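Here's the letter readout for the chains.
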Amino acid sequence: MEAKPKLLSILDGVSVVMLLIATGMVFFYAPVEAVMGLVQKVFYFHVAAGWVGMLSFLTAAIVGIILLRTGDRKWDIVGLASVELGLVFSFINVVTGSIWARPIWNTWWTWDPRLTTATIMILIYAAYLMLRSGIEDPDRRARFGAIYAILGFLSVPLTFFSARLFRGIHPVVIGSNQPGAEGQFDMTPLMLQTFFFSLITFTVIFVDLLWHRVRLGRLQDRVEQLKLKLNV
Amino acid sequence: MISGIIFTLINPLAMAAIFMAPGLQEGPAETFNYMVAGFVVIFGAMGLYLVSLATRNKNLSQDLETLQKIDERAG
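First to last, the protein sequences are chains A and B.
Quick note: the first sequence uses numbering that gives the first Met the number 0, first residue 0, plus one each step.
Quick note: the second sequence uses numbering that gives the first Met the number 0, first residue 0, plus one each step.
Extracted from the complex, chain A is given alone in its bound form (with noise of 0.2 Å):
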């Protein structure tokens, strides 16, 4: 087993100590919203965790495209990491906004375009880890990874534009608004400096966990050659 780079555990101090205040900032700094209450505070990690499984699924369609030109199969490791950590911080964006659409929508759920296109988003990456799971040849497979995550990309940006694009009632945060959006409300000052601190500290998390998550990748692939290698 390797040892902990300093760097690593300077980035869990410094991801740790982001959160705290960053969840400070939630309930003590942002102002509460004059017509939702309380639960507009779910609104900036919820925002937060959605741009992460985003970020997260480009990650992967970049270290995709990096893995077809060297075929190196480490990226393969980063891929998977990237794909494993943005359907855990997708699966908070649409959990989080299902409970926020319920006061709110007075709905947990509606087949509104931005919330089907993030499910089928979710499916699609949930299908990527299942698919690769099944294929034996360790150079098949992280070849199989790459151009899944590549063509699932499309979905992304797909998810991304659909409250733009589409007339539904998810309200947009940044740019315009749609006529129908419900639950709409404009940011005060501290409110924009709260929801601008959540996106950066959830990013910071974002890297700290990928790096764990590839060294455990790491650790898994050891452990898989020398299985191969003793024929165990």
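Hints listed in this document are in silico derivations from the structure and should not be mistaken for laboratory results.
Small disclaimer: the values here were computed from a predicted structure and weren't measured.
Certain hints may be false.
Only pairs whose alpha carbons sit at most 25 Å apart, straight line, appear in this in silico PhoX-like list of lysine-lysine [stated by the list, open to error]:
1. K3(A) with K226(A)
2. K5(A) with K73(A)
3. K73(A) with K3(A)
4. K57(B) with K226(A)
5. K73(A) with K226(A)
6. K68(B) with K57(B)
7. K68(B) with K5(A)
8. K57(B) with K228(A)
9. K57(B) with K3(A)
10. K226(A) with K5(A)
11. K228(A) with K68(B)
12. K3(A) with K68(B)
13. K57(B) with K73(A)
14. K68(B) with K226(A)
Fit chain B to the known structure of chain A by using the hints.
Leaving out everything else, chain B in the frame of chain A:
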């Protein structure tokens, strides 16, 4: 207009609406429980993922140690 005011004053439902409306409309909605549920999901999912990473790491380290011992014995 005067008849409207008189109607409102003698209509108990209209009077009740006038007195209750400020209580219903002023201030944000009561959504505390939903906020708690949201943060439970956020921190719960992140916590579970960290536990999953730690558990997998521990299991793989043990596997690697065992396999290395077998490899050494095999020469």
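How the hints compare with the structure:
1. K3(A) with K226(A): The given pair, whose Cα atoms are some 24 Å apart, holds under the 25 Å limit.
2. K5(A) with K73(A): Holds, because 22 Å separates the two Cα atoms, which is no more than 25 Å.
3. K73(A) with K3(A): 18 Å, holds
4. K57(B) with K226(A): 17 Å, holds
5. K73(A) with K226(A): 18 Å, holds
6. K68(B) with K57(B): 17 Å, holds
7. K68(B) with K5(A): Distance ~28 Å between K68(B) and K5(A) Cα, so the pair is violated.
8. K57(B) with K228(A): 22 Å, holds
9. K57(B) with K3(A): 14 Å, holds
10. K226(A) with K5(A): 30 Å, violated
11. K228(A) with K68(B): 13 Å, holds
12. K3(A) with K68(B): Between K3(A) and K68(B) the Cα gap is close to 23 Å, so the pair holds against 25 Å.
13. K57(B) with K73(A): Since the Cα atoms of K57(B) and K73(A) sit roughly 21 Å apart, the hinted pair holds (cutoff 25 Å).
14. K68(B) with K226(A): It holds: about 12 Å lies between the C-alpha atoms, which stays within 25 Å.
Violated hints for the displayed structure, listed by number in ascending order: 7 and 10.
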